[in-house]
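Chemist: Sequence:
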Amino acid sequence: MEIKVYVLPGGTVQIFVDGQVSFAQAQQITQAVIAQLQASGVAFREVGTVEQHKDGVAHVHVTGGVHVQH
40 MEIKVYVLPG
50 GTVQIFVDGQ
60 VSFAQAQQIT
70 QAVIAQLQAS
80 GVAFREVGTV
90 EQHKDGVAHV
100 HVTGGVHVQH
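For reference, each letter of the sequence shown is one residue, going 40 to 109 in our numbering.
Worth flagging that the hints you see were computed from the coordinates, not collected in a lab.
Just so it is clear, the structure is predicted and the values come from calculations on it, not from any experiment.
Keep in mind that the hints are not guaranteed to be accurate.
Claimed, not checked - Okay, the calculated beta carbon distance ranges per label pair: (1) Ala-82 x Gln-59: 26 to 34 Å; (2) Arg-84 x Gln-59: 26 to 34 Å; (3) Gly-50 x Ala-74: 14 to 22 Å; (4) Thr-51 x Gln-75: 25 to 33 Å; (5) Phe-62 x Phe-83: 18 to 26 Å; (6) Glu-41 x Thr-88: 15 to 23 Å; (7) Gly-49 x Val-72: 16 to 24 Å.
For every residue, glycine included, the Cβ atom is placed at its ideal position computed from N, Cα and C.
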């Protein structure tokens with residue numbers, strides 16, 4: 040499993056969970072990463088819905104309220 044956290048221009052944060060995990064597991068992992076970031080002082084104005092994409096590799100991402108097409 041690989042977890043990637045990207046900070047995009049404008050402050051949007053995307054979290055990707057790639058690998059052999061179910062969508063439910065990826066949701067839990069994503070929510071745990073968000074909680075860790077918040078506990079360390081990162082404030083989010085808005086957290087979008089965790090999404091699942093299937094195009095060869097399943098991944099989920101959360102943004103700070105803005106969905107960036109990819």
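Chemist: A separate judgement is required for each hint: does it hold in the structure or not?
Modeler: Quick rundown of the hints versus the structure:
no.: 1; hint: Ala-82 x Gln-59: 26 to 34 Å; result: 33 Å, holds
no.: 2; hint: Arg-84 x Gln-59: 26 to 34 Å; result: 33 Å, holds
no.: 3; hint: Gly-50 x Ala-74: 14 to 22 Å; result: 19 Å, holds
no.: 4; hint: Thr-51 x Gln-75: 25 to 33 Å; result: 18 Å, violated
no.: 5; hint: Phe-62 x Phe-83: 18 to 26 Å; result: 22 Å, holds
no.: 6; hint: Glu-41 x Thr-88: 15 to 23 Å; result: 21 Å, holds
no.: 7; hint: Gly-49 x Val-72: 16 to 24 Å; result: 20 Å, holds
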